[in-house]
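Enquirer: Chains as they are written, first to last, in this note's numbering: chain A, 1 to 436; chain B, 1 to 535; chain C, 1 to 299.
Possibly wrong hints are sitting among the right ones.
[To be verified] Restricting the straight-line Cα-Cα distance to at most 30 Å, the calculated cross-link-like pairs of lysine-lysine (DSS-like) are: (1) A/K99 / B/K535; (2) A/K391 / C/K156; (3) A/K337 / A/K433; (4) B/K25 / B/K503; (5) A/K87 / B/K502; (6) C/K264 / C/K48; (7) A/K137 / A/K197; (8) B/K433 / A/K85; (9) C/K81 / B/K203; (10) B/K503 / A/K87; (11) B/K25 / C/K81; (12) A/K197 / A/K262; (13) A/K85 / B/K503; (14) A/K99 / B/K203; (15) A/K85 / B/K203; (16) B/K433 / A/K87; (17) A/K99 / A/K85; (18) A/K391 / A/K137; (19) B/K203 / B/K535; (20) B/K502 / A/K85; (21) B/K433 / B/K535.
The hints are simulated quantities; they were obtained by calculation from the structure and are not laboratory data.
This structure is a prediction, so every number in the text was calculated from the model and none was measured.
The chain contents come next:
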Amino acid sequence: MVFPRMVFPKPVKTALNKLAVASTLLTSALFSGLAQAEYRLNFQDPVTSVAREIYDLHMLIFWICVVIFVVVFGFMFYSIFAHRKSKNYEAAQFSHSTKVEVIWTVIPSIILVLMAWPATLVLIDMEDTTMSDLTIKITGYQWKWGYEYLDSDISFYSTLATPREQIDQFDEANAVPPGENYLLEVDNYLVVPSGRKVRALITANDVIHAWWIPAFGTKKDAIPGYINELWFNVDEGKEGLYRGQCAELCGKDHAFMPIVAKVVTGEEFDNWVASGGTSFAADAIAEAVDGLEAAVAEVAEVAEQAGDAMAEVVEAVVPAADAAAPEPTVSAKTWTKDELMEKGAAVYQTRCQACHGPDGKGLPGAFPAIAGSEVVMGDRDAQIDLVMFGKAGTAMAAFAGQLSDEEMAGVLTYQRNAFGNNVGDVVLPADIKAKR
Amino acid sequence: MSDTAVAHGHDHAHDHDHDHDHDHKPTGFRRWFMSTNHKDIGTLYLIFSLTMLFLGGAMALVIRAELFQPGLQFVDPHFFNQMTTMHALIMVFGAVMPGFVGFANWMVPLMVGAPDMALPRMNNWSFWILPFAFSILLLSFFVPGGAPAAGWTLYAPLTVQGGMSVDMAIVAIHMMGISSIMGAINIIVTTLNMRAPGMTLMKMPMFVWTWLITAFLLIAVMPVFAGAVTMLLTDRHFGTAFFNPAGGGDPVLFQHIFWFFGHPEVYIMILPAFGIISQIIPTFARKPLFGYSSMVFATAAIAFLSFIVWAHHMFTVGMPLQGELFFMYATMLISVPTGVKVFNWVTTMWRGSMTFETPMLYAIGVVFLFTMGGLSGLMLAITPADFQYHDTYFVVAHFHYVLFSGAVMAMMGGTFYWLPKWCGHMYNETLGKWHFWLTTIFFNITFFPQHFLGLAGMPRRYADYPIQFTEFNQWSTVGAFGLGISQLLFVYIIVSTVRGGKKATTEVWDNPEGLEWTVPSPAPFHTFDEPPVVK
Amino acid sequence: MASHSPEHYKTHYYVPDSSVYPFVSSIALFFIALGGASLVNGYAIGPKMMTIGGIGLASLLFIWFRRVIAESPDYNMDVDKSFRMGMAWFIFSEVMFFAAFFGALYYLRNLAVPWLAETELLWPGFEAMWPSSGPLGAQIVTNGVPSATEISEATKYGLIDPLHLPLYNTLILLTSSVTLTISHHALRASNRAQTIIWLAITVALGVWFLALQVTEYIEAYQQLGLTLGTGVYGSTFFMLTGFHGFHVTLGAFILFIVLLRCMKGHFTPERHFVFEAGAWYWHFVDVVWVGLFIFVYIL
Ligand code: HEA
Ligand code: HEA
Ligand code: CUA
Ligand SMILES: [Cu+2]
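The following block holds chain A by itself, in its conformation from the complex:
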């Protein structure tokens, strides 16, 4: 299902204009039931024992609070209706009573104990990470997650897969409506078995993040330099995809580093590990593309009703969907500078622009500019080393494990020659291979 967006008038340029538009919308279009996505009022359905315990605890304290609220304000509203001057009610003049003061200190204290007791039990259970069946190290990066299966050799990164075209709605004409799993889709799933106790070691590379999957009942901060632990054990029979998000402000793209866990049966998981952990990678990409295509279809439908206005949009969208489709891997070949530049531009815009900016200008104070950078325009080897192996203690992570030789060569070449850095030379995949 898709969220059909409100149709704005022709491209609105300044934020001011847009605000004006928004206020028009507010007064007119809002309650016409345009938003169709399913909404919920409460926690997602728990699929682990811990999440269930939390859910029950949550409902218990919620109802206690409701009762307290109703009782207290029952008194107040009764008084408001009965004890008013307009009814000629004479004011009493009492001003204290030790007896009631004691009562309403003691009773709340007892209620608190009733709440604290189950809370303590749940907490103790949550903290017990012993006797786990497998351990996964989870690392937060600006702005993606890295997963390492410590019991096998599998490790990979997981990045947002929602296409940029859905996110950027600044320019009406080129925007695509958000798909069903908008902002909740990634390129590589975290794969975990059901019915086994998974222990996660959580840390971060640059700033603090937090790893959260609501249905698992897990949320822990990922803190650079330190390791936090949590565990979950997904019920058997609850296999499927579970989605979460980063829950600690980590800079610009905090909202764009989701978590998707694919829960499989123990057997499937063992096979997956045996196959080196690749067999599901394509699934994720396919899902993203599906989402996009579904979105396109939906738009087409809406467009038909809405008239020509939308047809234009659809045309703009279809190539975007194509572009997001997985590209067949390129085997060894000779690369020209133009090819490298083209490849590099694509890699740059997906992997690097978040920090260094789409136009290579960086973010002053936090991320250096690529345009005019001494590192980029200087010694080629130094640049290759920096991008491949990162710079410890900074947000500049090692990309050697994330990019293929070709991608690496492309993005390095691109930097050397884009944004006015006309160095002129190229970096070849072979140069990268040699350094690995």
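We have chain A; now place chains B and C with the ligands onto it with these hints.
Expert: What follows is chains B and C with the ligands alone, placed relative to chain A:
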């Protein structure tokens, strides 16, 4: 509080003797920039606070506009984060804290029967530092990289990463700290040293009590905040490693120090509100405040507990189990004294003879809505459940219930309550009621749905969100714009009341208690030059 | 009001006439703060702004305090009491400021470093100890002043011997508290010569303390390789001692002004608020030092 009947015959005579002298107000620059008069300085604080409410509110509206639907429509995420950060810094340090200091300046000397604040020139200094501090904070929008974007909590290492604006925020915070500490010292000294004869501590109006304790909290925690941002500054520029694990530091250390300040800070923002409510309710219930001394002790207990609960903001950082349990229990305990206050207010109304002028509507609204926020706070205090609530819109809903419908609405109620005393005119009761209802309704449209958003899993500080959160965000945005527009009515009422209207009597309300109601309306430029005697 | 006579204020609380000092000093603070933020970001304008602001603030405070001194005969005892209370609460705020740094020291030393040592996966081989400069920090080579060759490698640092300069400094400060008290007693006994002499000795001890502290810093930077950047040990060490040193400077300055005023005969045995305020401040600084000596140097 027991009776504060005043022997003011003498007082009036005195006023007449010195009339030539007393109405000699300075004018223009001399009056507004060089003031040593608690009433003028109070007015300056209140105007400043209202300005900041609009500025911070305008930023909130940018946030809400962007969150109207999924996708990025108006601002990029980096600017969104700047808006969130600056919205909160401006509201907390610019709107709420100075607002209450404005009330204290106006009312504390009047209520304790003092001729002025104890240290009048320093009082003016406390005020004037603020506009300059906020100029620096706002100028940070114009440096490379824009304003601070790491949230008002300024967590390292995200702030270690930021640009020059972080340093500007740090120096601005130092200035605000100096201002707050001087202001707090002034209030404490005024209450402890300048009470009229007969005004014993246990006869002081509740508002003065709450401010006395608030001022103590301010002096205790503002320097700690200064220490935290100083370490941040040296980590950023002088190579220290307080928050850098490679050098043996810990990012979480920043959070501990910040929240050691931050939690008492939230009570700094609510205790004076409790004080205002405790003044208003007895007046309109025509009945003395129930349980005065338990109110005083409850306030003190809240202040004490506020020092040992700070880590409830950090349950997810991975503290040892014993730590989590301790902070959970301590936090839950705060409900008891706060509950005592709520019960006392309700009992003050009980069997009173109530009327519902605007200030009373506000007081009832605050008690009702604050309690909702307090109960959601209690839910947050339950550690395992907080793992799910933390950093979601459930928290955002919680703190807007206590901050907007607690602190800000209490200030609005207080304004309607004392405005006739300040300017000598009655406000328009119909408009006042309209303002109350509009504010209350739009407030709830804005923030009630945020509870659902948070429970369903929408993280806070998100510039963009998955589509299942769309509906409630739209409600929230509509409510926010309505809430914002309603505040224009507030300004209109204040301005028109100050400029004219029905003359207010000395007592203003029906037989209210307290020294402030013994001086004429508007309160003369100088009051209590001869201390009144409180029996 | 301006028109009130001094006689009026003998019985009434002194409410000063309107004054431009607060407004102008706020502008000065603005320059200092903005200048500081510019300075740390390498803008050349920064130091200039700070200078302007600093001079402005200093001269304003001078004028302001001179005014207060001129008015002080008009103050009644209530005003005096307000000043005392104000000073006491100000010192409390300073206590809390130091508490933040002591708290940081406690946390880093007793919690953070041991936790890092337990984090084998990220920091293999790092062991908890104090002093420490963290997993990627330098290594301690020795206690006390090492030989130049020992310290030459940039990644190593030495420690300050607590029984050398720091011990002298402790004795100096403790002595200064005693001399200050003697001076105070002399003042109360109307013995002006004694007051001045003992106060002068106190100020001199303060300056001596500062000189030794500077020596210690130079030694730390140049010979021991112990700097602000030497991990958490260097950070906490310099932050705590540095802020303390700054407070000693301020305290010594206050006492110096008090000394000048003593010489001018401003104080009476009954009324000498500034003397007492300065003395409280000095004792406070002294107590903080004892805390430093124990927690930073010895333990
Ligand atoms: C005015 C400000 C104010 C006030 C008064 C409070 C009051 C309380 N707050 Fe709130 N809080 C904030 C402002 C405030 N808070 C802010 C700004 C944040 C977010 C900061 C950020 O991260 O940016 C926050 C966040 C926050 C958290 C962290 C959430 C998270 O990030 O995960 C927690 C957790 O424990 C919490 C708890 C409480 C509690 C228990 C109270 C209690 O004091 C409430 C007590 C009141 C009642 C309970 C209701 C009345 C009582 C009765 C009717 C008696 C009967 C009751 C019982 C027996 C239960 N608050
Ligand atoms: C006292 C404190 C206070 C107050 C009064 C408010 C008031 C409001 N806040 Fe506030 N808010 C905070 C304190 C406060 N907030 C804090 C501490 C945070 C946490 C920040 C962080 O995560 O770091 C926060 C975060 C926060 C968020 C979450 C942002 C995020 O997580 O990304 C949102 C979102 O809806 C929000 C909305 C609002 C709204 C709609 C109001 C409304 O009540 C405002 C009503 C509007 C007005 C009163 C203004 C009227 C203006 C006009 C009519 C326009 C006129 C125009 C000009 C003058 C130019 N706030
Ligand atoms: Cu990563 Cu937020
Ligand atoms: Cu808190």
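Enquirer: I'd like to know which numbered hints this structure contradicts. Please list them from smallest to largest.
Expert: 6 and 21
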